[in-house]
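There are 2 protein chains.
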Amino acid sequence: MSKIASLVPESLKSSKPSLIRVLNNKYGSDPEVVNLTVGEPDFKTADHVKLAAIKSILDDHTHYPHNWGTLGLRKAISEYLADDLDLHYDPEGEIFVTEGASGAISTIIAGLCQPGDVVLIPCPAYTLYRINAELRDAKAVELETAEPDFKVTPELLKKALDKYGEKVKVLVLNYPVNPTGVTYTPDEVRALADLLKDYNVAILDDEIYADLLYEGEHLPMAKLLPDQTLYVSGVSKNAAMTGWRVGYICGPRDVLGALAKVHQAAISTNATMNMDAAEEALRHGKADTAQMKAEYDRRRQFLMTAMDKIGFQYTKPMGAFYLWLKIPDSFDGDSMAYAEHLAEKAKVAIVPAAAFTKLPVRYFRISYAASMEKLKRAVNGLAKVFAEDGSFYN
Amino acid sequence: MSKIASLVPESLKSSKPSLIRVLNNKYGSDPEVVNLTVGEPDFKTADHVKLAAIKSILDDHTHYPHNWGTLGLRKAISEYLADDLDLHYDPEGEIFVTEGASGAISTIIAGLCQPGDVVLIPCPAYTLYRINAELRDAKAVELETAEPDFKVTPELLKKALDKYGEKVKVLVLNYPVNPTGVTYTPDEVRALADLLKDYNVAILDDEIYADLLYEGEHLPMAKLLPDQTLYVSGVSKNAAMTGWRVGYICGPRDVLGALAKVHQAAISTNATMNMDAAEEALRHGKADTAQMKAEYDRRRQFLMTAMDKIGFQYTKPMGAFYLWLKIPDSFDGDSMAYAEHLAEKAKVAIVPAAAFTKLPVRYFRISYAASMEKLKRAVNGLAKVFAEDGSFYN
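Same order as they appear, the protein sequences are chains V and X.
For reference, each letter of the first sequence is one residue, going 1 to 394 in UniProt numbering.
For reference, each letter of the second sequence is one residue, going 1 to 394 in UniProt numbering.
No lab work stands behind these hints, which were simulated from the structure alone.
Be aware that a few hints might be false.
Just so you know, same-sequence chains aren't split out, so a pair can sit in one copy or run between any two.
As the list claims (entries may be wrong) - Subject to a maximum C-alpha distance of 27 Å in a straight line, what follows is the list of computed DSSO-like cross-link-like pairs (lysine-lysine):
no., residue 1, residue 2
1, 139, 3
2, 197, 13
3, 286, 55
4, 223, 3
5, 223, 384
Take the sequences, apply the hints, and build the full model.
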């Protein structure tokens, strides 16, 4: 133990790293195991986007940009959101660029929460919301949603809002949902908005998968409650740009101004050439997104058909690139045990529900941001184990 | 005011943005004013570094890297520090890559401090230390150093360590020093280490300017107290890569492991192609640094000669690219008033001491990371105003 190890606060010592990363590290390099853990597009960034970055570098855009991000990118975000989702934000004062959507999430939670405050998180959910709340010594309260769709209802939300009262600073909404692949219908979004408008709570509205919806219609919460919503997105998923680390927050001017101070203290600013690349992706990347979306949809259909044939029950996926499968009742063990079981016997690495909730949910997530060849191998492995186990549901 | 504006905590509402940025925004676009506010190399990133980034992009290094940064960059950092400063860190577990040195500073302070804890900061100092402490609801305690060198002494430090006791989690050390340009001699570093070894406090050792020392010898605190020091640096200053946003932390394995969780929650990871560029800069950039350093030194000599001739008193600069000048006693006003005065009358934008300390220090900072042509114009303006004012020191 180093001399200063005792300075690490207990809350940080006990904070668990993301189980997704743990599993990815454990199985990612095993050539025998098909790794479907990470939610990362298997596509490459489009050539015209790469060329924009190269041009930026050759033009010596290697100096500090504005702390809020280049004006060019902020304008591109503004125009993209207006065109894509009928959302309207002023590039000067209502938008700033973050280090991926992760940077947006951490900025909002660190900025608005003080020790003892509450962040409401409909679960299962992406781990980063909970971890950021805990690191701020705020309480991450899981909203226990129900099978098979695991969506938060106005009743469930009202109970939590009334229970925790003014302690609630942030409600997390994320749809299409990671990890379940479901989404909220416009009517469901309206019903939640109708309740939320009566509460003084900020909505962390993570719509990073908004462009990857295969069925139904996407209504952004930010459209209904612009004065109360912090809209979070980025180019990682829709433009296959995970490694570039460009996300953003849009919202009310006064709150954005405060959050920008948190962002500036944390990282000063994002990288210039990466923002130039993101600008190109937002301005001229619609066809790329459409092409990738068509391919994801093909995989989604393939997986649904395959799982129906095997006998696996699952939640109907509408968006993102995840399939949320139910663990057979015949399996004697929790979701983590099933993940180990599949890795060993089916040679498929998946993410158990335990990564997304502390509740004993018996489900697991497959990412189909993986090639058809990999998905076929995975399906074969799952079919074999499902049969060998004599799997059944009650 | 937006509906959720009241959710912004008071401490964040009252947090002031960096005065450097304020002045830069005010005078940066005025063609009549010579802007010497920002501490950013005026050099372009070297061609071989730009080519490495371009190659990375063409090779489709556009996916998520390891949360700690690419292994290639971590190995390059390890080898660079061993060669340059005889510092030895294991690339697997004792080094991780951050979003510039800013990301390192915020990660350390957010990770180790809880509300009510104390961060000791020898002042004048770069603003980000104080802002990050305040955002964590920790107390930023300024150590009041003395003219003309403004260096912290063991006596001064001991008094603060004893006064605040176990509340002190972090001591900030930064040398060569921004904003004064002074540095600590090996003997001074040894004397501080000799005191610090008896205290359970983490040393945030910001040595981002270590490669830009024109006189004397650099002894890293991390060399003397490796078990207690978090070594912070990056490629922004020595490789003219501010816009690429690549910094790093090195330190004891157990503390790094904890801090990596904070880093991961905040931004997940840095950008892949930017890290590939930084790797090239560390592996093959020594000649670039030497060339820039020679030019900075030429400017330093020019400024010292010019200020001697004008009659301006200043602190002898040893490193970084800053000159720390004393405001004439004849001027009736504080450092902010003098900054406004110089901007108006001399058409030179500088940074007043008020940006670096809450104490009433009558000094100001000039950045000579600016072209000789700009520096000459600035000197003419300063000479004119110094004379017109009938300036004198008591």
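Hints and how they fare:
In this homomeric assembly, residue 139 and residue 3 come within 27 Å of each other (Cα to Cα) only across copies, at 23 Å, whereas the closest approach inside a single copy is 30 Å. For a Cα distance limit of 27 Å, the shortest separation of residue 197 from residue 13 across copies, 24 Å, qualifies, whereas the shortest one inside one copy, 38 Å, does not. In this homomeric assembly, residue 286 and residue 55 come within 27 Å of each other (Cα to Cα) both inside a single copy, at 21 Å, and across copies, at 26 Å. Proximity of residue 223 to residue 3 under the C-alpha cut-off of 27 Å is restricted to the inter-copy arrangement: shortest distance 15 Å between copies versus 52 Å within a copy.
Taking identical chains as interchangeable, the C-alpha atoms of residue 223 and residue 384 are never at most 27 Å apart, the minima being 46 Å within one chain and 57 Å between chains.
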